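A.B. asks: What follows is each chain in one-letter form.
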Amino acid sequence: MDNLLDNYAGVVGYEIIDHLKQLAAPLKGMKIVHVNSTKEGGGVAEILNRLIPLKLELGINASWEVIEGNSDFYLCTKKMHNSLQGDRDDISEALLKNYEETGRQNYEQLRDKLETADVVFIHDPQPAPLLSFANRRKGKWLWRCHIDVSHPYRPIWKYIRKFVESYDASIWSLSTFTQPMPHPLYLIPPSIDPLSEKNIELPLDEVDSVLARHGINRELPVITQISRFDRFKDPVGVIKCYRHIRKSIPVQLILAGGGATDDPEGAEVLKEVKDFAGDDPDIHVLELPPDAHREINALQRGSDIVIQKSLREGFGLTVSEGLWKGKPVVAGNTGGIKLQVIDHYNGFLINTSEGAALRIRYLLKHRSILEEMGSRAHQFVLENFLITRHLREYLTLVVALLHGSDERIELELPGNR
Amino acid sequence: MIEEFRILDCALITISTGEQAQNLRELRDRLLVTHPGSIYYHFWGVMLRHTYVDPEYQNDFAVWASHALHDHIIAERLSLIDPNEHISIEDLRREIVEIIEQHLYEKEHVPWARTGEQFQFTRSQIVVFDTKQKLTTPDGFKEMIPRLPLGSIFYHFIDSRRRTAESRNDFSIWLSYFGDSYSELIDRLDNIDPYFTTLGNLRDEISDAFCRFNGGE
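Each protein sequence line maps, in turn, to chains A and B. All letters in the first sequence, in the order written, are residues 0 to 416 by numbering that gives the first Met the number 0. All letters in the second sequence, in the order written, are residues 0 to 216 by numbering that gives the first Met the number 0.
The hints are simulated quantities; they were obtained by calculation from the structure and are not laboratory data. Remember, predicted model here, so these are calculated numbers, not experimental data. Ideal placement from N, C-alpha and C gives every residue a C-beta, glycine not left out. Errors might be hidden in some of the hints.
Claimed, not checked - Pairs of lysine-lysine residues, derived as PhoX-like cross-links and limited to a Cα-Cα distance of at most 25 Å, are as follows: (1) B:Lys106 <-> A:Lys27; (2) A:Lys20 <-> B:Lys106; (3) A:Lys239 <-> A:Lys270; (4) A:Lys27 <-> B:Lys141; (5) A:Lys30 <-> B:Lys133.
Said to hold, decoys possible - Estimated spans, in silico, between C-beta atoms of each pair: (6) B:Ser175 <-> A:Arg110: 56 to 62 Å; (7) A:Glu382 <-> B:Asp186: 30 to 36 Å; (8) B:Asp189 <-> A:His182: 40 to 46 Å; (9) B:Glu3 <-> A:Glu406: 22 to 28 Å; (10) A:Lys20 <-> B:Thr196: 25 to 31 Å; (11) A:His182 <-> B:Gln132: 33 to 39 Å; (12) B:Arg146 <-> A:Tyr344: 26 to 32 Å; (13) B:Arg113 <-> A:Leu95: 30 to 36 Å; (14) B:Thr196 <-> A:Asn216: 45 to 51 Å; (15) A:Glu107 <-> B:Gln132: 47 to 53 Å; (16) A:Glu196 <-> B:Ser175: 51 to 57 Å.
The shape of chain A in the complex, shown without the other chains:
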C-alpha cells in the first residue's frame, strides 16, 4: 500500500504521478465518498477497487459505500439499466416503490458519512434517489452515469431524471450518452488498472496452464470474448462469427464471463448461449466466478484476437483490457468502444457477425499486421485508458467543482512574468 503510487510510476512514469500529486495537493484531507450497488463484478466495482486506495495515498479521505437491496430491488434496477439503454421494459409501481424505499433505508444507514462528505459520487441509477433524502448535506453531489443513455426508453428515463437533475453535476463516459440536465455535464471515460490481477503481466507458463485446464489447444488460433452473459454483448452473434471463420480457418472460441450480483438475467442468457453452441468441442463457454481476474487475464493473453461484439455498450472495459495485452480488438461499432478502437489502427470496428468474421480471418492470415496492431493497441491504452488518467480527471473535476464554473481555475499561483 505504501508504494502504490511508485508501483504505478513503474508503468506510466514518474511524470504522470507527480502530476497527480500536484493536482491532489489542494484536496488533501477532503472527505470524498463513492456509492454504488455492488462490491464485485462489473466495471464500476473494478474501478472503485483501485481508485479509492490511490486517492487515500494522495492524502484524500476517500471511502466507498455499497447500498444493499432485496431481489426485487435488483430486478427493478436491472430493468432500469436495460430501459436506459433502449429496451422498452416497463417497471411496475410496486417495484418502483420498493426501489425508492431501498434508497431511503440505505440513506439512513449512510446518513452520517454522506451528510459530512465534501464530495459524494453516486454511481449509476441504483443509488440515485439517495440525494432526495439528503436535506442536510454539506458537500457537492455528483451523479456518475456509466450507461449509454443516448436512446433511453422515455418513461423510465423521465422517472430517473427527477432524481438526477438535482445533483450539482453529472459525469458521463461520452458526450453522445448525455441527456440535457440543468447542471454541468462532465465527460470522463472510465479506465483499466494495469496492476490489477486482471491486467498485470503474467508468466507464460501460467497462461499455458490456464488454457490447458480449459482444454484449449495451443496449436490452433484462439479468439476470445470476455463479458457478462448479457444480450447486449451478443454472445450468440459471436458464435455465428466463429462459424463463419471455421469455414476457412480452424479456430477456437472462448466465451467467458462472470456474473455480477446485480444481474439476474445472466443465467437465462447463459443457457441460450450453451444451447446455441451445442456440442462443438472448439467452443468453450466458461462460467467464471466474479473473482477469476487472473484467469481472465490469462485467457486474454493466450488469445490471438479479442472480440467484443456488443450491440450496445456503456464503455466496454474488456476492450481496453484486450488492447492492453497487445491484442487487436474486433468490436461492435457502438458507444464507448468507438473511443477505444481506432478502426484499422489498433483493431476493427464491425457491425455484423459477418463483418467480425471477415476482419478476424484477415488478421489470422496476415500475422505481421496482427502483431503491429497489437503493439499499437498496448501503447494506445498506456496513453489514454489507464486508471491514472481517470484519476487525474476526477481530481481535476473536484478542483473545478469547488471553484465554480469559471473556464480558467488558477490554484494559488504566484505572480508569473
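Put chain B on the given structure of chain A with help from the hints.
C.D. replies: Just chain B, lined up with the frame of chain A:
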C-alpha cells in the same frame, strides 16, 4: 529586475455544452452561437485529450465531416484551417462559418449524419497549478524542457496564445525581457508551428530550439 520564470502545469476537464448538430447546416447554426471555449476546445483541446493524431484531419469539425457526414470535400477544407492564423476565437469562428456556408451554397443537398453520430459540442475548464520549478536565467531551459510535463508545454506554448496580450508563447515573452541577447532563439521559438503535431513532438521541437541556441546538437 526580471521576475523569475515559474513552470506551471495544467489539466483540462471536458464539459458537454448540450448542443449537437445532425447535419452541416445545423453545425453552422450552432457554430454561430456556441461558447467560444467550445471552438477553442475542438481545435486545441484534442492535443491534451489524446496522443493519437489523425493523419488526415486536425480538428474535430473536420473529423466529423469526414467520418459522420462522409463529405470529404468539406472535411479537407475545414482541416486546413490553422487557428494560429486567427487573432481571436471570434475571427476563427467567422472563418469556419464562412467555409461551411460556401460549401452549403455549392451543394445540392445538405450532408446529414446518421442518428447517434451527431456532432457533440464540448468545451473545457482548465485547472492551472504551480510545479514549484522556476528559473532565474534562461540557461536552465535546455536541461528543463525535455523533462517538462506535457501539461506545461500546453500551458506555456498553446494556452499562452489566448492568455497573453501578445498572443505568443510564454518562453519568447520572458526571453524578450533580456534585451537582444536571445533574439535568435526567440525567432526560432516563434516560428515553431504548434498545430498539426502532438504535445510530445512539440516538446521535442522546443527543446531542439534551446539546444541549437546553446550550441548543442
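A.B. asks: Which numbered hints does this structure break?
C.D. replies: Hint check: 1, 2, 4 and 5 fail, others pass.
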